[in-house]
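Colleague: These protein sequence lines map, in sequence, to chains A and B. Yeah, the first sequence ends on 444 if you go by numbering that gives the first Met the number 0, and it's all consecutive. Yeah, the second sequence ends on 227 if you go by numbering that gives the first Met the number 0, and it's all consecutive.
Calculated directly from the structure, the hints in this document are not laboratory data. Treat the hints with caution; some may be incorrect.
Unchecked claim - Straight-line C-alpha distance at most 25 Å; calculated BS3-like pairs for lysine-lysine:
hint, chain 1, residue 1, chain 2, residue 2
1, A, K85, A, K315
2, A, K402, A, K309
3, A, K244, A, K197
4, A, K85, A, K287
5, A, K30, B, K141
6, A, K244, B, K127
7, A, K309, A, K295
8, A, K287, A, K112
9, A, K30, B, K127
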Amino acid sequence: MSAANPIGLAETLLRDLSLARLKRTVRLGIKSLWLHRLRSLLTVLGIVFGVCSVIAMLAIGEGASFEAQEQIKNLGSQNIILRSTKPPEEQKISDKGSQSYVLQYGITYTDVKSIRATIPGVTIVLPARIIRDYVWHISRRVDCDVVGTVPWYPELRNHRVADGRFFTDTDMDGKAGVCVLGAEMVPALFPLESPLGKHVRVGGEYYQVIGVMERSGQAAKTDDATDTAAKGASQRMFIPLETAKVRFGEVLMRRRSGSFEAERVQLHEVTVKVASLEQVMSVADAIKQLLEHNHKKKDFEVVVPLELLKRAERTKQIFNIVLGSIAAISLLVGGIGIMNIMLASVTERTREIGIRRALGARRHDIVLQFLVETVLLSGAGGIIGVFLGVAIPFVVTWTAGMKTIITLWSPLLAFTISALVGVIFGIYPALRAAQMDPVEALRHE
Amino acid sequence: MSSRIVQFDNVRKHYQMGLVVVEALRGVTFGIEAGEYISIMGPSGCGKSTLLNLLGCLDRPTSGRYLLGDEDVSQMPDDALSSVRGARLGFVFQSYNLIQQLTVVENIEIPLYYQGRPEAESRETARKLAARVGLEDRLEHKPFELSGGQQQRVAIARALVNDPLVILADEPTGNLDSGSGVEILALFDQLNAQGKTLILVTHDTSVAQHARRAIHLCDGEIESDVRR
C-alpha cells in the first residue's frame with residue numbers, strides 16, 4: 000500500500016509522467032470539462048476576475064505613480080524650492096478685506112544672498128518673482144503667471160525652449176522688454192501666426208516675444224495646491240528678473256470687489272540647486288533653519304522634490320501591498336470556488352473513477368486526471384483574465400484619459416499564480432478521487 | 000489447452016460491519032483451465048459479488064491464495080493490482096459502465112491507455128474490436144446515442160482489447176431486453192469457441208445454461224461444481 004500516501008503518489012506520478020501521456024490526459028480533461036461547459040465557465044470566473052483586476056489595477060496604479068514621479072522629476076531631484084507664502088495671521092486680515100497697510104512677507108534678496116554665502120553644497124540659486132496678471136495680445140487675453148527670473152531657469156528646471164530662445168544676461172542687464180511664453184498660452188494668444196517677434200501687453204507694458212517653451216506633458220493640468228510648482232511652465236510667461244523689478248516694482252496691488260490689497264514680496268520663488276543628491280536633505284534642513292532664524296513669521300515654505308519623490312515611491316509601495324492583498328484574496332476565493340466544484344465533480348464521477356480503476360488505472364493516474372482538469376480550469380481562467388486585464392487599461396486610457404502602464408511582469412505573475420492556485424486547490428479533490436475503493440466506486444449510483 | 004490460469008486455495012473474505020464480522024467467503028477452493036466457460040450462481044448474499052471482486056483483483060482476500068496466470072495476486076500492492084487488472088482481466092458489467100464523455104472507440108481503448116501503449120496502435124486495435132462486435136459504423140458515437148445491446152457490445156470489445164486471460168461478466172444481460180440478451184450470449188459463445196475463458200456471474204438459469212461448467216455458491220461456500 001505504498002501508493003496510498005500522497006508523497007508516494009507524487010513520486011510514482013512523476014516517475015510515470017511522459018509528454019505524450021500528459022498530452023492525452025490534457026485532451027481527456029478538456030473533453031470532460033467541455034461536457035459541462037457552463038459549469039466550467041462559471042467556475043473559472045473567480046480566477047478570471049482575480050487575474051484581470053490584478054493586471055488592470057497594477058497598470059492604472061503604475062500609470063498614476065509614473066505621472067506623479069514625472070511631475071516631481073520635472074522639478075529636479077537635486078533642487079530645493081523655496082516659496083513665499085502669506086503668513087496665516089495676515090491671511091485672516093486680508094480675507095476680511097479691511098487692511099489698510101501694505102503686507103510685507105516672503106523670501107527676500109537678503110535670504111538668497113545668505114543662502115548662497117553660508118550654506119555649503121549650494122551651487123545655483125534661482126530667484127523668481129511671480130505676478131499673476133492678464134497677458135494681452137490685441138483683444139485676446141490669458142490669465143497667467145508672469146515670472147521674473149534669471150537666464151539659467153530652463154536648465155535648472157528641466158524645461159526646454161521649443162522655439163526661439165530664452166533671454167540672456169544681456170537682456171537681464173539691459174532690463175529688456177522681452178518675454179518667453181509658455182506653450183499653452185500660444186494657441187490662445189496667437190491662434191494663427193507665430194508669436195516670435197510679436198508683442199504682448201501686461202498691464203501698461205509691452206513685451207516682445209523671443210521664445211516659446213516646450214510643452215511639459217500633462218503636468219500642466221494638475222490643480223493640486225502643493226504641486227503648483229509642478230505646473231511646469233506652460234501657463235507661465237517668463238521675463239528677465241531685472242525687468243520685472245523695474246516694471247512691476249516691489250508693491251503689488253490687487254483689486255477685489257470694493258477693496259484692494261497691496262503686498263510687498265521681494266521673491267516669490269527661489270530654486271536652489273544642490274551639488275549632489277546626497278546633500279539634498281541636509282542642505283534643505285540648513286536652509287530651513289536659516290530662514291526660520293531670519294524670519295519672524297512663517298512666511299515661506301520649503302519644497303524638496305526628492306522628499307516628494309521618496310514619498311511617492313512609498314505611496315506606490317503601500318499601493319502595491321494593498322493590491323497584492325486584494326489579488327491574493329480574490330485568487331483565494333477563486334481557488335476555493337474551483338476546489339468546491341472539483342469536489343462535487345469527484346463525487347458525481349465516482350462511478351467513472353470506479354470504471355477507470357477496474358480497467359487498470361492506478362491511483363496516480365486518477366490524481367493526474369483530476370489535477371490536470373483543475374489546472375486547465377484555472378489556467379484557462381488565467382488566460383482569459385490576462386486578456387481582459389490587458390484590455391481594460393486601454394479602455395480606461397481611451398475613455399478617462401488616464402495614463403496606464405502594463406508592465407511585462409504583471410500578466411506573467413498573475414497567470415503563474417492562477418496556475419499555481421489550480422495545483423494547490425486541485426490536490427485535495429484529486430487525492431479524494433484516488434483514495435476511493437474501486438469496489439465501492441463501481442457500486443456507486 | 001488444459002493450462003490452469005486461475006487457482007483459488009482456501010480463499011476467505013471477511014468484512015467488518017460495525018461490531019460484527021461478516022464472513023462473505025469461507026474457504027473457497029477451485030481452479031479454472033484456459034478456455035473454460037463458467038457460470039457462477041447462487042442466491043443473493045451468497046458471496047457471488049465478493050468472489051467476483053476477488054477474481055477481478057478489485058479486492059484482496061483476507062486469507063488464502065489466488066494465483067492468476069503464474070502470479071500470486073492475493074496480497075499485491077494496489078498499483079500492481081491495477082496493472083494486473085489492466086493487462087490480464089476483462090470486465091463486462093450489468094450496467095455497461097461506459098464513460099459518457101468518450102466515444103465508442105475511445106471507450107474501447109481505455110485499458111490500453113492505462114498500460115501506456117502508443118495511441119495510434121491502441122486506436123487501431125480498438126477499431127478492429129469494434130468491427131468484431133459489429134459496431135464499425137458507430138466508432139465516433141457517444142454511449143448515450145447507442146441502444147443497450149450496442150452499449151454492452153462496446154463493453155465486450157473493451158474487455159477484449161487487452162487480450163485478457165479471463166473475461167469476467169457480471170449479469171451481462173440483466174439490463175437488456177430478451178432479444179439483445181440473446182445476441183450478447185451468442186457473442187459470448189462465439190468468443191468461447193475462439194478460445195476465450197469466460198466467467199459469468201448470474202442468477203438467471205437460462206443464461207447460466209450457456210456455460211459448460213456451473214459453480215453454485217451458498218453461504219460463502221461452494222455448494223456444487225458441475226461440468227456439462
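Colleague: The structure should be examined with respect to each hint, and the outcome stated for every one.
Modeller: Going through the hints against the structure:
1. Proposed proximity of K85/A and K315/A is contradicted: the alpha carbons are some 32 Å apart, above 25 Å.
2. For a cut-off of 25 Å, the pair hint linking K402/A to K309/A stands: about 21 Å separates their Cα positions.
3. Distance restraint check for K244/A and K197/A: the Cα-Cα separation of roughly 23 Å lies within the 25 Å cut-off, and the hinted pair is therefore satisfied.
4. Under the criterion of a C-alpha separation no larger than 25 Å, the hint pairing K85/A with K287/A is consistent with the structure, at around 17 Å.
5. Of the pairs offered as hints, the one joining K30/A and K141/B holds, with about 12 Å between alpha carbons and a cut-off of 25 Å not exceeded.
6. Straight-line distance between C-alpha atoms of K244/A and K127/B comes to about 104 Å, which puts the hinted pair past the 25 Å bound.
7. Simply put, K309/A and K295/A have alpha-carbon atoms about 30 Å apart, too far for the 25 Å limit, and the pair is violated.
8. Distance hint between K287/A and K112/A is fulfilled; the C-alpha atoms sit about 15 Å from each other, no more than 25 Å.
9. Between K30/A and K127/B the CA atoms are separated by roughly 24 Å; this keeps the pair inside 25 Å, and the hint holds.
Hints 1, 6 and 7, counting from the list given before, are not met by this structure.
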